[in-house]
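Starting from the known structure of chain A, fit chains B and C with the ligands onto it as the hints suggest.
Now for the letters of each chain:
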Amino acid sequence: MSAHPTDAAAPEGGLRALWASPTARVGLGLLGAVALLALLGPLLLAHGPRELVAAPLAPPSAGLPLGANAVGQDLAAQLAAGARTSLAVALLAGAGTVALGGTIGLAAGWFGGTVEAATMRVVDLALVVPRLPLLVLVGAYLGPSTPLIAATISLVFWPGTARIVRAQTRSLRTRAHVRASRGFGAGARHVMRRHLLPELALVLAAALVAAASRAVLLEAGLAFLGLGDPTGASWGRTLRDAIEFSGLFYTPAWQWWLLPPTLAISALLIGLTLTGVGLEGGSNPRTSRHRPGATP
Amino acid sequence: MAERRRPAVSAALSGLTLAALVVLVFALPRALPGDPLAALDDPTSGVAITDPELRERVLAHYGLDQPLPEQFAGYVGGLATGDLGWSIARNAPVSGLVAAHLPWTLLLMGPALLLSTAASYVLGILAAWHRGRTGDRVALVGLTALRAIPEYVLATLLLIAFAVLLPVLPVGGARTPFAEHGSGLAALADVGAHLVLPLATLTLSLTATLFLLQRHTVVAVLGADHMLLAEAKGLPLRRRQFVHAGRSALLPLLTAVGLQVAFAAQGAVFVEAVFAYPGMGSLLLEAVAARDYPVLEGAFLVLALVVLAVNLLVDLAARWVDPRSAAS
Amino acid sequence: MSLASAPVLDLAGLTVTYPGPPPVRAVDDLDLRLAPGRCLGVLGESGSGKTSLAKALLGLLPEARVEGRLRLAGRDLAGLDEAGWQAVRWRRLALVPQSTASLHPALSIGAQIAEPLRVHEGLARGEASARAAAALEDVGLGAAALERTPEELSGGQRRLALLAMALVLDPEVVVLDEPTAGLDLLSRARVLALLGRIRAAGTALLLITHDLDALRGLADDVAVLYRGWLAERGPAARVLDDPRAPFTWGLANAVPTLGDVKDLRGIRGAPPEPGEVVQGCPFLERCTQAVAACEQRRPPLVAPEGEDGARLVACARGGRVPVLRARGLAKAYRPRRGGRRRGEVAAVDDVSLEVGEGEAVGLVGPTGAGKSTLGQLLVRLVEPDAGSVELEGRDLLAARGADLAALRRRAQLLFQDPYEALSPRLSVAEAVREPLDVAGVGTPAERDAEVAGVLAEVRLPSSPAFAERRAHELSGGQLQRVALARALVLRPKLLVADESVAMLDPSEQTKLLALLRDLQVERGMAMVVVSHDLAVVLRVADRVVVLDEGRIVEEATGAELLAAPQHPLTAELLAAAGRPGALLGERSLARQAR
Ligand SMILES: Nc1ncnc2c1ncn2[C@@H]1O[C@H](COP(=O)(O)OP(=O)(O)OP(=O)(O)O)[C@@H](O)[C@H]1O
Ligand code: SF4
Ligand SMILES: [Mg+2]
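One line per chain: the protein sequences are A, B and C, in this order. The opening position of the first sequence corresponds to residue 2 in the working numbering, with each subsequent residue numbered one higher. The opening position of the second sequence corresponds to residue 3 in the working numbering, with each subsequent residue numbered one higher. The opening position of the third sequence corresponds to residue 18 in the working numbering, with each subsequent residue numbered one higher.
Just chain A, same shape as in the assembly (with noise of 0.2 Å):
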């Protein structure tokens, strides 16, 4: 993790820091506009993503602005509604991920000994277990809907998450101005709450973005094998439906059938990455002796 907080980096230092970063703010931008298409979608289109409202394959015209799929659902309104899908379960699974392995993380890295030993041997069995296979199952045994899928995202991927904040806390613990407040009588949450959250607030928030982005990609990925939530709308199930739909690329509607969500899942999916590059303080291996252009 080359996040590295600097003794300023309180939350708004932090975001002040992110905005700077050119990669961070093209990042920021896509989110804004998936975000955007998500609040106002609704508010725009007439129709419902489920409702048929058109002729089979409709081209777009002035109330159907992405045409209509195979069976007359109106695109735009599918497209907007697994907007909301992605965010939400981006947000939920991110939070869930963040809020379960930054517990756990800072626990451990907190109390260390037996706890540390503990949590993390029960990491090592988590970091094992095989993640799409178990979504799939998961799903296919239960019956899938966006809550439960986030809420298996978070069970799968707080491992990686309490890795990083235990090994974070560790060193903040040892540094000098930590242990000097805990030397003059400063209690533990104090502590916690003067020098390892702030502290922590950057790590935390790349570990969100690192969550959601795979949250993101899984809960498309699942509804793309046909195992999303069959009541609600996701980019990854356009994609299938459309991709199943023998012929289509015999008509013009692969244009506003199955372009508009391939964008979108890389748009969202582009943001997040660049966010989290921004937020790791962008990728800057360190130079060396051996300058660019030093041999032809």
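These aren't lab readings, by the way, just hints derived from the structure by calculation. Note that beta-carbon positions come from the ideal geometry of N, C-alpha and C, so glycine has one too. Heads up, some of the hints might be wrong.
To be verified - The following label-pair restraints were derived from C-beta to C-beta distances:
(1) P61/A to L167/B: 16 to 24 Å
(2) D258/C to V124/B: 51 to 59 Å
(3) E169/C to F244/B: 21 to 29 Å
(4) S146/A to V78/B: 26 to 34 Å
(5) P61/A to P169/B: 21 to 29 Å
(6) R177/B to Q256/A: 23 to 31 Å
(7) L37/A to P169/B: 33 to 41 Å
(8) P105/B to S146/A: 30 to 38 Å
Unchecked claim - Chain B residues, not near chain A, derived (Cβ > 10 Å throughout):
(9) T19
(10) Y77
(11) G98
(12) A101
(13) L109
(14) L117
(15) A311
What the hints assert, rightly or not - Incomplete in silico selection of chain C near chain B, CB under 10 Å:
(16) K72
(17) V105
(18) L112
(19) S119
(20) L120
(21) L124
(22) E132
(23) V136
Below, chains B and C with the ligands alone, put in the same frame as chain A:
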């Protein structure tokens, strides 16, 4: 050199994952509330079984009438003898279905791993060598973005580009259906043409991750003293790049390849879904649609086994490359 | 430098600047020449630019600006392109790098040594491998190392492998960056012998090292770098055994050599920060003999006075200045009573002695040899019958009045018996202040401050209580320190110490000797240490003068004296100094170093 994780670690990890999967597959249906096979009796569930003979086979597979340890022993024993269960939807042994689909997945995964390893090796060295230049930046940004998007999205984009907009390659499948090929060679060419897009997708996807790692490793190596000596020895550029810098980065790269094998298998599943490629991915997809649990579980187990086997191969390659293990 | 053959390597005005910020001039306007079959030693502190020089020679500094002339066998290397450099590197100009991490960690030693053969000479694998094995045998590593990787070799073995690699193409010039660092004595001797052989075969060696003994045995010429700048250059024997530049002198004293028995001394202070731009002499702040002229411009390389020009020194004062120069001193004592002439004793007879800046000369001899008389003559406490004494270039014997008083302050004598030297009526402070009072230096307050300072310098408590004590209240060691403080308070340039530690117990002796050494480093004083105990003298003296019946019978460095005493008296003194066994051991070590 910094920490060099041995590929053996990834082989061990995938072995553990396989074991975890066995337990998971065994435990999941049994841990659920109620009779996990209740759905089989429910005519509205979509997986109801009316054929009594088939029903017998499925129940025997789950062996629910026996105590748990015996169930587990029987289950693992069955797996060991290649008994992966009985497909509900197709009324056929799962192992037979897997045998029909697995070769296509291997045809996709194996070359994709090889190609992405080779491409990352070369591109990573060149990008590191010219780091900060335009080519490096383009590769860095492009592959970072590529790494972010899922395989099926990339597959869709490539499909649109090379099969629809520029119709030079087939849209899907592994062979042209009902085609009569004049010669074995033509048949082979047909298979090759169908392979191009899925293979390109998976290769690109894997390359994105491996390239970034390789570039990072090589950047760190460039400042090493031995690189200076290689230059002092008057060695030609290519030799310094691909023998001296590359050699140092080879072991970390192979380690990463080991860790990528599982992602390659997962990626193959999604890529096959897009291209209707008749491999394990298609099998899984059909099994999901039909809620054909035994096929689902069997396919995952076999894929995990494949990951383990490929990992062992990578481990062997790494052993061969690692000077420390070569000497002993 | 040899005039017989044209130089194979010819550098003029070579300058290497790292762009910074701040820009660092690692090599600064360097002129060097190296002929075939000769060895040029490059000596310098850490960070003085030795490695930068080596890299510049092979065109390995793409990150730095390299200016000046750089010629290999008459051809300019400066403008070479990559292909041109590849043709020069290793085949004509090979490098033994400083870092043993220069071997590729994952390739076998054999493959790495064979690589240049395969690339440059197009040899087949088998043939290249056989040559690599032979090269390994040559450096004494054995062909068994062929299959090993660097991780399986010790640091010293890696160095040998690097050496084998450099020699495998039989290049015209080999640049060796610290080739003996980290080697045991046996491997080191083997490497030096090998280098001697390849030099004899006509290869030119550029030997960068801290190892003075290696340079003594191998180098024809030596160049001394200080902060990338040439401080001194010339034939090895002259530069190493009689260094003239103050920096070379300091370096020679700071570097342990096998022959040394003398305690090591550092150079005071530290070099300027790498990025700092210096107007005058870069050594200025650390130099004990700096004068105003040193600040104005960078001193050019010139031959020291009275030399033939084979050696050049960059110093505004022409190198280390002699503090004391005594010529033909003679003194005879005749018994006062009776007036019988035949009782006349020649205490000192035609003695000439020079002591340079920062140098300590030991004066030894049996009782009655005239040591103390000579010591007193040097500071004109006794008037000579004949001869001259120059102190910092001024005639001490001709000086009169105020001149004489001022000169006398520059030379102080420390007596054998501090009880006699210090008046029992005076307190410590008064005794130390007395010379200042006499000379009328500064205000009373300044004098007190000076006294406190010098007491601290000789490591005495500067508390008022101590300063009020009288002579009889002090221990012998403390008393001698007070005497030393008194001698030093006028900041003399020459200190003659006459049996000054003789009356102290061994532990006090050691402490006082260490103190004298430190003071010498800080102040750059010249010292004459008079003693009958050779063991004491060898510890502090750079050079030892053996006196017998008023005459100098032998003059040599401590190491030379130990290795091969020329005069029977010296041998006797050595035996008397005790520890014959230990001395024998040291002697054989010193021999091996030759
Ligand atoms: N790449 C670089 N960029 C900037 N300054 C450098 C660089 N390499 C060396 N220097 C500086 O140049 C000066 C000379 O360094 P150099 O390595 O040549 O010294 P050296 O004499 O070989 O020292 P040592 O005996 O420790 O090996 C030093 O001040 C060093 O800090
Ligand atoms: S005397 Fe002056 S010029 Fe000579 S070394 Fe000392 S400071 Fe430099
Ligand atoms: Mg060096």
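Hints the structure fails to honour: 9
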